[in-house]
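A.B. asks: Residues per chain, in single letters:
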Amino acid sequence: MSYQEKKTIVSLITGVLILVAYCIYAFGKAGMEQLDNLQFWAKTILAFIGIGIVALIIIMIVFHILLAVSKAVQQKLSDETIDDKEIEKSIEREMVEDEMDKLIELKASRIGYSAIGVGFIAGLIAVAFGASAVALLNILFLSGSVGSIVEGFVQIGYYRRGVR
Amino acid sequence: MPDKLEITNNIRTLRFFANEMTQQTLAEQAGVSRQTIIAVEAGKYTPSLELAFRIAEAFGVSITEVFSVVKQPKQQELKEK
Chain A
2 MSYQEKKTIV SLITGVLILV AYCIYAFGKA GMEQLDNLQF WAKTILAFIG IGIVALIIIM
62 IVFHILLAVS KAVQQKLSDE TIDDKEIEKS IEREMVEDEM DKLIELKASR IGYSAIGVGF
122 IAGLIAVAFG ASAVALLNIL FLSGSVGSIV EGFVQIGYYR RGVR
Chain B
14 MPDKLEITNN IRTLRFFANE MTQQTLAEQA GVSRQTIIAV EAGKYTPSLE LAFRIAEAFG
74 VSITEVFSVV KQPKQQELKE K
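Here the protein sequences line up with chains A and B, keeping their order. If you want this note's numbering, it's the 1-based position in the first sequence plus 1. If you want this note's numbering, it's the 1-based position in the second sequence plus 13.
Bound-form chain A, shown alone (with noise of 0.2 Å):
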């Protein structure tokens, strides 16, 4: 598996995690008894993105040291006389990102803002036919988790299959 999809299947499960709770914070106790009261939802999601963010970097950061510790490891197994300045070359030869991921990327976010999209028109279909404003906001951040849940999955998939 390429240092690519590795990095794609990492912030594929941290959007999973971060969409998981969440669905059981705000479709748990907390967001049922403020069902009417706006700020508390538009609080809630501002959280979430922040905390999203954060997560974001810090489980990137632990996988580029992690992966960088491995590669090392592997390295200094199978050749002992290795120097560090070969190890570190390697690992940044495994991390060059070139014109197929470019490619593979830009192709995955039109389907990402694709899902982000219909997300927007089922909050307003919702909304014309009576539902409220809290279901609107939730319509529209649960669209935007999923959209880069299937662009993660998408990317995945045209390292597998290929591009062209």
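Take these hints with a grain of salt, some might be off.
[Stated by the list, open to error] Cross-link-like lysine-lysine pairs, in silico, BS3-like; alpha carbons within 27 Å at most: (1) Lys72/A / Lys8/A; (2) Lys103/A / Lys8/A; (3) Lys84/B / Lys108/A; (4) Lys103/A / Lys72/A; (5) Lys77/A / Lys8/A; (6) Lys108/A / Lys8/A; (7) Lys7/A / Lys108/A; (8) Lys90/A / Lys103/A; (9) Lys108/A / Lys17/B; (10) Lys7/A / Lys57/B; (11) Lys86/A / Lys8/A; (12) Lys72/A / Lys86/A; (13) Lys57/B / Lys8/A; (14) Lys77/A / Lys90/A; (15) Lys72/A / Lys90/A; (16) Lys108/A / Lys57/B; (17) Lys17/B / Lys103/A; (18) Lys103/A / Lys57/B; (19) Lys90/A / Lys7/A; (20) Lys7/A / Lys103/A; (21) Lys17/B / Lys57/B.
Rather than coming from a laboratory, the hints here were simulated on the basis of the structure.
Given chain A's structure and the hints, the job is docking chain B onto it.
C.D. replies: Okay, now just chain B, sitting in the frame of chain A:
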């Protein structure tokens, strides 16, 4: 609509004749990841013109010796046959 073009490559053969050049070495010379070279070699990714030239340059051959084009007949023509 024009015929679909399928781009094939001889990278595996060229690597063999280049003293069994590794995919990693080719990737470093072309300035891309090994993953991309694997995808190009397997026909799963059609490289940009720039990368195609860089791969050809790594082998010291012309671009047409690395990549070739095969015309794919249209669905309509296949049905007629």
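A.B. asks: Could you run down the list of hints and mark each one as holding or not?
C.D. replies: Okay, the hints, checked on the actual structure:
1. Lys72/A / Lys8/A: holds (15 Å)
2. Lys103/A / Lys8/A: holds (14 Å)
3. Lys84/B / Lys108/A: Since the Cα atoms of Lys84/B and Lys108/A sit roughly 26 Å apart, the hinted pair holds (cutoff 27 Å).
4. Lys103/A / Lys72/A: Holds, because 24 Å separates the two Cα atoms, which is no more than 27 Å.
5. Lys77/A / Lys8/A: Holds - the C-alpha atoms of Lys8/A and Lys77/A are around 23 Å apart, at most 27 Å.
6. Lys108/A / Lys8/A: holds (17 Å)
7. Lys7/A / Lys108/A: Measuring from Cα to Cα gives roughly 18 Å; hence the hint holds.
8. Lys90/A / Lys103/A: Satisfied, since the Cα-Cα distance of roughly 22 Å is no more than 27 Å.
9. Lys108/A / Lys17/B: Within the cut-off at roughly 21 Å; holds.
10. Lys7/A / Lys57/B: holds (19 Å)
11. Lys86/A / Lys8/A: holds (24 Å)
12. Lys72/A / Lys86/A: Distance ~13 Å between Lys72/A and Lys86/A Cα, so the pair holds.
13. Lys57/B / Lys8/A: holds (21 Å)
14. Lys77/A / Lys90/A: holds (14 Å)
15. Lys72/A / Lys90/A: Distance ~11 Å between Lys72/A and Lys90/A Cα, so the pair holds.
16. Lys108/A / Lys57/B: holds (15 Å)
17. Lys17/B / Lys103/A: holds (24 Å)
18. Lys103/A / Lys57/B: Roughly 15 Å separates the two Cα atoms, so the pair holds.
19. Lys90/A / Lys7/A: holds (19 Å)
20. Lys7/A / Lys103/A: Holds, because 16 Å separates the two Cα atoms, which is no more than 27 Å.
21. Lys17/B / Lys57/B: holds (16 Å)
Taken one by one, the earlier hints all hold for this structure without exception.
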